[in-house]
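**Q** Sequence:
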Amino acid sequence: MGSAVPHLYNAGSATGVVMDVTHILDPLNDRQREAVTAPVGPALVLAGAGSGKTRVLVHRAAWLIEAEGVSPHGLLAVTFTNKAASEMRGRISELLGSSAGAAWIGTFHGLCHRLLRMHWQAAGLPQSFQILDSDDQQRLIKRVIRSLDADENRWVPREVQWFINNRKDEGLRAANLHPDDETEHEFKRIYAAYETTCDRAGVVDFAELLLRVQETLIRDPDLLGHYQRRFRHLLVDEFQDTNEIQYAWLKLLSGDGAQPFVVGDDDQSIYRWRGAKVENLQRFQRDFPNTRLVRLEQNYRSTGNILAAANGLITHNQGRLGKELWTEGSEGSPVHVFGGFDERDEAEFVVDKVKAWVDHGGRRDEIAVLYRSNAQSRVFEEMFINERIPYRVYGGLRFFERQEVKDALAYLRLVQSRDDDTSFERVVNVPTRGIGSRTVELIREYARDNATTLWRAAIALTGGDLSSRAANSVQAFLSQIEAMAVAVKGLPMHEQAEHVIAAAQLEAHYRSREKGERGEARVENLGELVNAARGFQYEEEGLTPMDAFLAHAALEAGEGQAAAWEDCVQMMTLHSAKGLEFPVVFICGLEDGLFPHQRTMTDPEGLEEERRLFYVGMTRAMRELYLCYAEQRRLHGMEAYSEPSRFLGEVPRELLEEVRPRMNVSRPVAMRYGGGGALAGDDAGTGLSLGQRVGHPKFGEGIVVTVEGHGAHARVQVNFEAEGSKWLVLQYANLEVL
DNA sequence: GGTCACTCTATTTTT
DNA sequence: TAGAGTGACC
Numbered sequence: 001m002g003s004a005v006p007h008l009y010n011a012g013s014a015t016g017v018v019m020d021v022t023h024i025l026d027p028l029n030d031r032q033r034e035a036v037t038a039p040v041g042p043a044l045v046l047a048g049a050g051s052g053k054t055r056v057l058v059h060r061a062a063w064l065i066e067a068e069g070v071s072p073h074g075l076l077a078v079t080f081t082n083k084a085a086s087e088m089r090g091r092i093s094e095l096l097g098s099s100a101g102a103a104w105i106g107t108f109h110g111l112c113h114r115l116l117r118m119h120w121q122a123a124g125l126p127q128s129f130q131i132l133d134s135d136d137q138q139r140l141i142k143r144v145i146r147s148l149d150a151d152e153n154r155w156v157p158r159e160v161q162w163f164i165n166n167r168k169d170e171g172l173r174a175a176n177l178h179p180d181d182e183t184e185h186e187f188k189r190i191y192a193a194y195e196t197t198c199d200r201a202g203v204v205d206f207a208e209l210l211l212r213v214q215e216t217l218i219r220d221p222d223l224l225g226h227y228q229r230r231f232r233h234l235l236v237d238e239f240q241d242t243n244e245i246q247y248a249w250l251k252l253l254s255g256d257g258a259q260p261f262v263v264g265d266d267d268q269s270i271y272r273w274r275g276a277k278v279e280n281l282q283r284f285q286r287d288f289p290n291t292r293l294v295r296l297e298q299n300y301r302s303t304g305n306i307l308a309a310a311n312g313l314i315t316h317n318q319g320r321l322g323k324e325l326w327t328e329g330s331e332g333s334p335v336h337v338f339g340g341f342d343e344r345d346e347a348e349f350v351v352d353k354v355k356a357w358v359d360h361g362g363r364r365d366e367i368a369v370l371y372r373s374n375a376q377s378r379v380f381e382e383m384f385i386n387e388r389i390p391y392r393v394y395g396g397l398r399f400f401e402r403q404e405v406k407d408a409l410a411y412l413r414l415v416q417s418r419d420d421d422t423s424f425e426r427v428v429n430v431p432t433r434g435i436g437s438r439t440v441e442l443i444r445e446y447a448r449d450n451a452t453t454l455w456r457a458a459i460a461l462t463g464g465d466l467s468s469r470a471a472n473s474v475q476a477f478l479s480q481i482e483a484m485a486v487a488v489k490g491l492p493m494h495e496q497a498e499h500v501i502a503a504a505q506l507e508a509h510y511r512s513r514e515k516g517e518r519g520e521a522r523v524e525n526l527g528e529l530v531n532a533a534r535g536f537q538y539e540e541e542g543l544t545p546m547d548a549f550l551a552h553a554a555l556e557a558g559e560g561q562a563a564a565w566e567d568c569v570q571m572m573t574l575h576s577a578k579g580l581e582f583p584v585v586f587i588c589g590l591e592d593g594l595f596p597h598q599r600t601m602t603d604p605e606g607l608e609e610e611r612r613l614f615y616v617g618m619t620r621a622m623r624e625l626y627l628c629y630a631e632q633r634r635l636h637g638m639e640a641y642s643e644p645s646r647f648l649g650e651v652p653r654e655l656l657e658e659v660r661p662r663m664n665v666s667r668p669v670a671m672r673y674g675g676g677g678a679l680a681g682d683d684a685g686t687g688l689s690l691g692q693r694v695g696h697p698k699f700g701e702g703i704v705v706t707v708e709g710h711g712a713h714a715r716v717q718v719n720f721e722a723e724g725s726k727w728l729v730l731q732y733a734n735l736e737v738l
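Note that my numbering has the first sequence beginning at 1, numbered continuously upward.
Heads up, some of the hints might be wrong.
[Unchecked claim] In silico SDA-like links for lysine to any residue, alpha-carbon gap of 20 Å or less:
1) LYS323 with VAL294
2) LYS353 with GLY329
3) LYS277 with VAL358
4) LYS489 with SER128
I should point out that these hints are in silico values taken from the structure, not numbers from a laboratory.
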């Protein structure tokens with residue numbers, strides 16, 4: 001890697017000063033250096049897992065500033081998560097020995113938010129616009145559906161939300177849609193009504209942040225020109241995860257002059273389901289014809305065997321850009337495979353290995369247990385608790401998403417922006433103050449009929465059509481918010497939060513509603529919220545501290561779990577493991593139907609994404625990788641039997657080592673997960689196929705929904721017309737093919 | 001307006 | 001199995 005001779009560089013034509021850039025180049029290998037020092041111009045770095053992707057980005061930024069004489073002011077670096085953004089900022093400053101201050105470094109959403117705050121007028125937003133998180137968004141959509149008298153059973157809020165966000169991610173407004181059928185028509189109608197409601201209330205959802213910026217820049221060529229001239233250097237992390245609008249946004253900002261430097265890995269694209277377009281990697285090369293392509297394939301993380309196993313697996317995917325990881329390190333141990341009897345057996349195995357690791361002087365936080373879906377964590381948690389092994393589960397409810405925190409925030413938001421319907425609705429009757437569903441319904445109706453917000457509707461109604469009792473309650477609520485606004489004016493933020501929480505009597509509310517620990521925990525969280533407000537540092541200009549804090553709460557929902565002070569086993573889904581590394585990794589629940597997940601197995605693209613997910617999981621491991629499955633597993637309260645994951649059969653067999661092969665398995669080990677497994681729709685030697693109509697002597701007629709296993713051991717799931725869905729062992733079922 | 005019992009459903013997740 | 005959501009009832 002590094003050389004003893006200092007690297008000198010003629011720093012940018014402007015300065016003519018010769019800089020010592022040793023600290024930037026020394027820690028890099030040849031490929032990384034090639035990427036970092038690429039001539040100013042579009043560049044695409046295909047960075048395999050563990051190949052130093054972040055390092056390249058960070059060093060590129062430093063290189064541009066120190067060697068090319070680029071002002072940090074002209075630098076824009078984009079990531080997907082707040083964590084990645086702050087890491088990048090920190091590392092760049094560290095490398096520069098000074099702050100990267102003027103550079104814009106942040107998430108797509110964070111940067112767009114910043115632009116909207118600066119140019120709220122151009123964007124057509126109220127100055128105090130508020131941000132909806134997905135929970136707020138879903139509630140609002142639900143309300144919109146009701147207000148349209150659409151059938152809630154047919155138009156499921158979740159699905160509508162999905163639809164709207166997908167359209168926005170594609171850059172499409174309701175007005176841009178041309179529905180072909182009734183369903184699409186209705187979606188469009190709801191979308192349009194949702195847009196109107198958001199505009200009226202001055203609220204913006206996540207996807208809107210991007211779309212609104214995009215539209216504003218297109219509408220205002222001066223503004224666009226300004227930013228195009230300013231940001232000549234764009235750095236993008238995790239490029240394979242960009243969606244349509246993010247790509248369009250980058251391209252727009254690039255204009256003719258900017259030099260995007262993007263880093264990504266098509267093999268780690270695991271977010272297609274939420275709109276990410278791997279194709280953007282190829283599109284980039286087409287759209288920026290002189291793109292310099294650099295591949296980073298040297299891996300600094302895993303042993304040779306682990307890499308070979310991962311490489312072997314991923315070759316089963318079609319249409320890859322092509323990349324093969326290698327290492328100068330040792331081969332290490334083989335990849336261990338464990339087949340448990342059931343999920344408890346699987347968990348016990350992990351427990352044993354954890355204990356052994358710790359007994360040999362290892363730390364628990366060097367171990368990660370990865371699984372496909374969150375529900376799988378339970379067995380491990382129970383087992384870890386029994387065995388007194390500290391653990392930490394990632395994911396789950398985040399601080400700013402907690403009910404009590406959101407209630408308090410809603411008060412603060414109302415104080416800030418009276419028209420925020422989402423917040424109004426949330427707290428009109430929390431704590432209960434005699435404003436029942438009937439009254440709220442009247443307010444909604446009035447708001448809808450008069451095209452106004454709930455707040456204004458409430459004001460209008462107190463002087464009119466409400467019963468005197470209801471009118472009094474509503475009036476009391478309105479006055480209370482106004483009083484809060486007055487009382488809070490000019491106070492430091494944490495005192496504002498304190499005041500609002502006290503005035504709304506939220507503590508008493510939670511204490512009385514949930515006795516004992518749960519209620520107490522909520523009260524504590526309210527205290528934490530005050531602390532968060534106290535410690536909040538804001539640097540954005542042109543925005544009140546409170547607006548900044550509220551935006552922060554929405555954009556950065558906080559940690560999933562309290563920070564682990566103890567040395568804990570790390571547990572998380574494969575998705576959340578991306579970007580992390582651990583000496584010891586367990587990938588659990590490797591069974592067909594669970595991983596690859598049932599719902600992806602019928603779709604070849606979905607299956608490839610699952611395979612990439614497995615690849616991501618494997619490449620998290622530095623030294624020891626355990627692949628585990630269970631033959632039988634309790635799922636949704638029912639016992640289910642399944643075959644080991646087809647992916648196991650795609651890992652070169654010579655790299656695998658069976659741990660404690662089960663004695664009662666008659667098939668030879670090599671046959672257990674051979675040859676890629678049966679594809680869905682295959683009859684797997686049972687003579688039955690999915691969708692087949694069958695008759696049963698007792699249950700009548702039905703349709704085969706699932707086929708598992710082979711020959712006489714096979715089990716089928718049949719959806720009977722009369723009896724519903726049943727699992728049957730083929731050997732005894734006496735099914736008649738119809 | 002609050003409680004209880006019943007039904008329904010059941011990836012992955014950041015912002 | 002468990003959690004959310006709903007509707008009936010007090």
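**Q** Work down the list of hints and note, for each, if the structure agrees.
**A** Hints and how they fare:
A threshold of 20 Å between alpha carbons decides the hint, and for LYS323 with VAL294 the separation of about 11 Å falls inside it, so the pair holds. Restraint check: the Cα-Cα separation between LYS353 and GLY329 comes to about 24 Å, which exceeds 20 Å; the hinted pair is violated. Distance restraint check for LYS277 and VAL358: the Cα-Cα separation of roughly 42 Å exceeds the 20 Å cut-off, and the hinted pair is therefore not satisfied. A threshold of 20 Å between alpha carbons decides the hint, and for LYS489 with SER128 the separation of about 15 Å falls inside it, so the pair holds.
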